[in-house]
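2 protein chains.
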Amino acid sequence: MTNRRANYINMVDHLTDIPLTNIEKETNLTRESPYRQNFHIESESGSLGDPNGFSYFNKNYHLFYQWSPLEFSQNPHYTHHGWKHLCSPDLIHWQDLGAGMESDTRYDKYGTYSGSAFPVDDKLFIMYTGNTWVNTESDDDWQRIPYQIGAWMEANNKIKKVCTPFITGTLKGYTGHFRDPKVFKKHDKYYAVLGIQRNNQTGSAVLAESDDLHNWQILGEIKTNHNKFGYMWECPDYYELDDKGILAFCPQGLESEDNKFCNIYQSGYLIGKPLNMSDRNFVCGKFHELDKGFDFYAMQTTKDKKGRRILMAWMGLPEIVYPTVKYHYTGCMIFPRELKLENNVIVQQPVAEIKDLYSKKYQITASLNNKRIEIKAGKQNSRDIELAIVGHNDATILDLFANKNNSRHLRLIFNRKKQKFIVDRSCSGLEIASSYGTSRSCYLDQSKLIKVRILQDVSSAEIFLNNGKEVFSMRIFPDDMQNFIYLTSENGEAKIKATINQLKVSKVGMSLKDN
Amino acid sequence: MTNRRANYINMVDHLTDIPLTNIEKETNLTRESPYRQNFHIESESGSLGDPNGFSYFNKNYHLFYQWSPLEFSQNPHYTHHGWKHLCSPDLIHWQDLGAGMESDTRYDKYGTYSGSAFPVDDKLFIMYTGNTWVNTESDDDWQRIPYQIGAWMEANNKIKKVCTPFITGTLKGYTGHFRDPKVFKKHDKYYAVLGIQRNNQTGSAVLAESDDLHNWQILGEIKTNHNKFGYMWECPDYYELDDKGILAFCPQGLESEDNKFCNIYQSGYLIGKPLNMSDRNFVCGKFHELDKGFDFYAMQTTKDKKGRRILMAWMGLPEIVYPTVKYHYTGCMIFPRELKLENNVIVQQPVAEIKDLYSKKYQITASLNNKRIEIKAGKQNSRDIELAIVGHNDATILDLFANKNNSRHLRLIFNRKKQKFIVDRSCSGLEIASSYGTSRSCYLDQSKLIKVRILQDVSSAEIFLNNGKEVFSMRIFPDDMQNFIYLTSENGEAKIKATINQLKVSKVGMSLKDN
Numbered sequence: 020m021t022n023r024r025a026n027y028i029n030m031v032d033h034l035t036d037i038p039l040t041n042i043e044k045e046t047n048l049t050r051e052s053p054y055r056q057n058f059h060i061e062s063e064s065g066s067l068g069d070p071n072g073f074s075y076f077n078k079n080y081h082l083f084y085q086w087s088p089l090e091f092s093q094n095p096h097y098t099h100h101g102w103k104h105l106c107s108p109d110l111i112h113w114q115d116l117g118a119g120m121e122s123d124t125r126y127d128k129y130g131t132y133s134g135s136a137f138p139v140d141d142k143l144f145i146m147y148t149g150n151t152w153v154n155t156e157s158d159d160d161w162q163r164i165p166y167q168i169g170a171w172m173e174a175n176n177k178i179k180k181v182c183t184p185f186i187t188g189t190l191k192g193y194t195g196h197f198r199d200p201k202v203f204k205k206h207d208k209y210y211a212v213l214g215i216q217r218n219n220q221t222g223s224a225v226l227a228e229s230d231d232l233h234n235w236q237i238l239g240e241i242k243t244n245h246n247k248f249g250y251m252w253e254c255p256d257y258y259e260l261d262d263k264g265i266l267a268f269c270p271q272g273l274e275s276e277d278n279k280f281c282n283i284y285q286s287g288y289l290i291g292k293p294l295n296m297s298d299r300n301f302v303c304g305k306f307h308e309l310d311k312g313f314d315f316y317a318m319q320t321t322k323d324k325k326g327r328r329i330l331m332a333w334m335g336l337p338e339i340v341y342p343t344v345k346y347h348y349t350g351c352m353i354f355p356r357e358l359k360l361e362n363n364v365i366v367q368q369p370v371a372e373i374k375d376l377y378s379k380k381y382q383i384t385a386s387l388n389n390k391r392i393e394i395k396a397g398k399q400n401s402r403d404i405e406l407a408i409v410g411h412n413d414a415t416i417l418d419l420f421a422n423k424n425n426s427r428h429l430r431l432i433f434n435r436k437k438q439k440f441i442v443d444r445s446c447s448g449l450e451i452a453s454s455y456g457t458s459r460s461c462y463l464d465q466s467k468l469i470k471v472r473i474l475q476d477v478s479s480a481e482i483f484l485n486n487g488k489e490v491f492s493m494r495i496f497p498d499d500m501q502n503f504i505y506l507t508s509e510n511g512e513a514k515i516k517a518t519i520n521q522l523k524v525s526k527v528g529m530s531l532k533d534n
Numbered sequence: 020m021t022n023r024r025a026n027y028i029n030m031v032d033h034l035t036d037i038p039l040t041n042i043e044k045e046t047n048l049t050r051e052s053p054y055r056q057n058f059h060i061e062s063e064s065g066s067l068g069d070p071n072g073f074s075y076f077n078k079n080y081h082l083f084y085q086w087s088p089l090e091f092s093q094n095p096h097y098t099h100h101g102w103k104h105l106c107s108p109d110l111i112h113w114q115d116l117g118a119g120m121e122s123d124t125r126y127d128k129y130g131t132y133s134g135s136a137f138p139v140d141d142k143l144f145i146m147y148t149g150n151t152w153v154n155t156e157s158d159d160d161w162q163r164i165p166y167q168i169g170a171w172m173e174a175n176n177k178i179k180k181v182c183t184p185f186i187t188g189t190l191k192g193y194t195g196h197f198r199d200p201k202v203f204k205k206h207d208k209y210y211a212v213l214g215i216q217r218n219n220q221t222g223s224a225v226l227a228e229s230d231d232l233h234n235w236q237i238l239g240e241i242k243t244n245h246n247k248f249g250y251m252w253e254c255p256d257y258y259e260l261d262d263k264g265i266l267a268f269c270p271q272g273l274e275s276e277d278n279k280f281c282n283i284y285q286s287g288y289l290i291g292k293p294l295n296m297s298d299r300n301f302v303c304g305k306f307h308e309l310d311k312g313f314d315f316y317a318m319q320t321t322k323d324k325k326g327r328r329i330l331m332a333w334m335g336l337p338e339i340v341y342p343t344v345k346y347h348y349t350g351c352m353i354f355p356r357e358l359k360l361e362n363n364v365i366v367q368q369p370v371a372e373i374k375d376l377y378s379k380k381y382q383i384t385a386s387l388n389n390k391r392i393e394i395k396a397g398k399q400n401s402r403d404i405e406l407a408i409v410g411h412n413d414a415t416i417l418d419l420f421a422n423k424n425n426s427r428h429l430r431l432i433f434n435r436k437k438q439k440f441i442v443d444r445s446c447s448g449l450e451i452a453s454s455y456g457t458s459r460s461c462y463l464d465q466s467k468l469i470k471v472r473i474l475q476d477v478s479s480a481e482i483f484l485n486n487g488k489e490v491f492s493m494r495i496f497p498d499d500m501q502n503f504i505y506l507t508s509e510n511g512e513a514k515i516k517a518t519i520n521q522l523k524v525s526k527v528g529m530s531l532k533d534n
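Top to bottom, those sequences are chains A and B. Each residue of the first sequence is one higher than the last, beginning at 20 in the working numbering. Each residue of the second sequence is one higher than the last, beginning at 20 in the working numbering.
No lab work stands behind these hints: they were computed from the structure. A few of these clues could be false.
If chains are identical, the list can't say which one is meant, so a pair holds when it fits in one copy or spans any two.
[Stated by the list, open to error] Below, in silico cross-link-like pairs of lysine-lysine (BS3-like), each with a Cα-Cα straight-line distance of 30 Å or less:
1) K292 - K191
2) K179 - K142
3) K177 - K191
4) K279 - K78
5) K488 - K208
6) K390 - K345
7) K180 - K191
8) K247 - K470
In isolation and in its complexed conformation, chain A is listed as follows (with noise of 0.2 Å):
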């Protein structure tokens, strides 16, 4: 525990006390990255986590996340913890708002962990988890202590914290492990799904009650049918699509079964019934992981004047080391997505507004026998590309990120023989956590006609499978030369039809103006 002490030596609550130049060493550096994506938010510098507080309040989206803007920086090491804050008219543009909250009280010194916001009238509840250590005078023992606090945002984007934090502590039965709270209103009450561990060290998800969102109650453990199922719950959500129930969790400590749960830790849901308020009983089947692909985590979603249910996410994990470190940035978000019901699962598209980030259009239609085509959309890898593909063959493969001579590439597979699709990033340029493995795979009937759709950019790529029933996000840095796309039908013929929009910059941060 003393590496936990070292990290606090220039701990600083405001980013104002920090020298303007140190920060700007920091954002300096960054920008000079060769990763940095055309359209999906990142950070100026530092890293950047759990999505908060999303929500649509007063014409805009509004996005927070996790960050550490000094989290790389040396010479000396400052840390900074807080919020960062954006907003949106179009999920599309993001303004970028600063600093939306820093860890500068006593209850949230030490962190100011993942939260929620919930639009109430003409302002907009903030509810987050507060992080704080007592004991830190010992070397191994400090003991963390949790608070559920929260603020209020204005219509001019002002955020006023909450003197009196809500909960204190932890609950009887649990461990310090107590967090994230993300807020809904049913039957006219206010509730909150918080993640918490148990004393016997599996994970939880407890609800709260409050009529006035000041005065908080704790109900319980929402009784699901999945009782150890990992040593801890972040993140979780509840919310419901048409006559369903959702309850959406991200579990840590779950082993690898098959070729399901692979990454360090899981993000998915529990779909039944409505969950019933009184009882906390939440009738489920199985757990569903929600992206297949090797970086997603800590998903919250809002709902929006459309109605729709709009999902964020991280597009990395927690303890993952990316290779941008060396640029003094890690982590980036998904592309909002759109969430339906389908057959009892959830479906998964990008927002409909991408189409206005649309510039060149490229159609192709083409028949392959045994061989491979260059597919020629553009010299940015930054595509919204949708494909039909109907095979006669062994296996159809599409290489993105590839270089001239097809020896680094992200390769996606689509075997036919074996009914299965694969997305190997081995060879796609740098390494990423390999010890979790190159590649990803699900069962994919190909009898029928396969529908593909890749959002690609400069250092990343979401794949939806027969309209988002099966979704792959992941992180790839390529080489600057890697913008070839290539298409191979093996061992027969394969026919496919393909329409790939280039997609126009829309860097967070710049002023909408700009753009």
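Chain B: place on chain A using the hints.
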């Protein structure tokens, strides 16, 4: 089907009909390959396939294999197919006895397909499938007529075919895919188990019976709980270990299931009570893959004078193109393994005779915390590596076939956090069958000591986990600078004990005196 006819234009019955210079052209090219193995059986030119007639007879192990020595010959392209014959006193040093059987009769003109051998007094009985085609004048309607035929080998290794087929054509209700008789003896009767395809395009195994090895009677299908399990079963084998019956076979046409059945075709077994010979009921459980690696097929066993059940198999797969084709050869055998039963599953280990190949021994004890070390164990990729790992980390990584900077390697990942073993050959050298994925994996309990054994040859690795409970076999085609070994512990400490024996060269085809 026009291609099929093209294949037979220069078909010759006997190798001796081909000019010696044309054969030498092939073997000379093969000798230039940098991928030639040091202690695994491979073909001196052309293709090596299924092991056949594996037996212990006249103080020697006899092994045949499917052999097309002119498979890659050009200008002119010759077609010749038969069984290569090898024999060995010790399963290590093999003498090349040339073309044991050739496709030279009207019953095996289009292929001396797979079969088995069984010692009877002072002779070796051979039973195999002869492939023939009728209606070959048509372009696209060739009909396959299989014959189950035999031969007898004398103590002087001379083989004489039996003039009349034992079984002509296929059975009623079945297609022409009827082959690969494996002979065994039970209760003083001879039996053969054969692979067959039902008219409804599902695979099965049938049992034939004989008192005299000449008059054979079809008894019917072996009745298992696997009635819809692939479209064809190749290379069946039946044997007993302890008090259990094993029905091994190679099902074709299985879809992938999670991380199972990833290769183009599968190899595995059902285990149950000994086969009831009168009603052919085989009461058994689920299908186990015998080898979870990339390259393993058409296994065949025999019992030797010590009572051991020895396994041979092709370290390769049908239809997969290996990069050695450039040197006009392909395929090799696994190193022979002894099979035992443990908790109702087969466990596999290299035969103990391998110790006779040991030359220099390296012993390494190391404790590494969050770091990478090089393990020095000679420059030749010919090693028997035994490793014991106790991890208090997230993952331990063993890189074999590594280049100096470790950008290329065969990577073995022991991910403790996910209780998963992964072998990743994506960055190991030349690309092989990447549309079937570049990694294979299984569950591996890492709460206790992990034992790993690896037989490493110039272009292959056979990985035995926990005393051979899980085995992964694979080909690798590295650069010649890829002879480093690295060991890494991620996020914590790993204690390692390694014993590495360099292995002597024991190439097939050398006269025994040379060794």
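Verification of the hints:
In the homo-oligomer, the alpha carbons of K292 and K191 lie at most 30 Å apart inside one protomer (29 Å), although the nearest pairing across protomers, at 54 Å, exceeds that limit. With identical chains, the CA atoms of K179 and K142 are at most 30 Å apart within one copy only, with a shortest distance of 11 Å there and 95 Å across copies. When the C-alpha separation of K177 and K191 is checked against a cutoff of 30 Å, the pair qualifies neither within a copy, at 36 Å, nor between copies, at 83 Å. With identical chains, the CA atoms of K279 and K78 are never at most 30 Å apart, being 39 Å at best within one copy and 50 Å at best between copies.
In this assembly of identical chains, the alpha carbons of K488 and K208 never lie at most 30 Å apart, being 33 Å within a copy and 56 Å across copies at closest. With identical chains, the CA atoms of K390 and K345 are at most 30 Å apart between copies only, with a shortest distance of 19 Å across copies and 39 Å within one. Proximity of K180 and K191 under a CA criterion of 30 Å is satisfied intra-copy only: 27 Å inside one chain copy versus 83 Å between copies. Taking the shortest Cα distances, K247 and K470 sit within 30 Å of each other only across copies (29 Å), while inside one copy they are farther apart (36 Å).
Violated hints, in rising order: 3, 4 and 5; the structure is consistent with all others.
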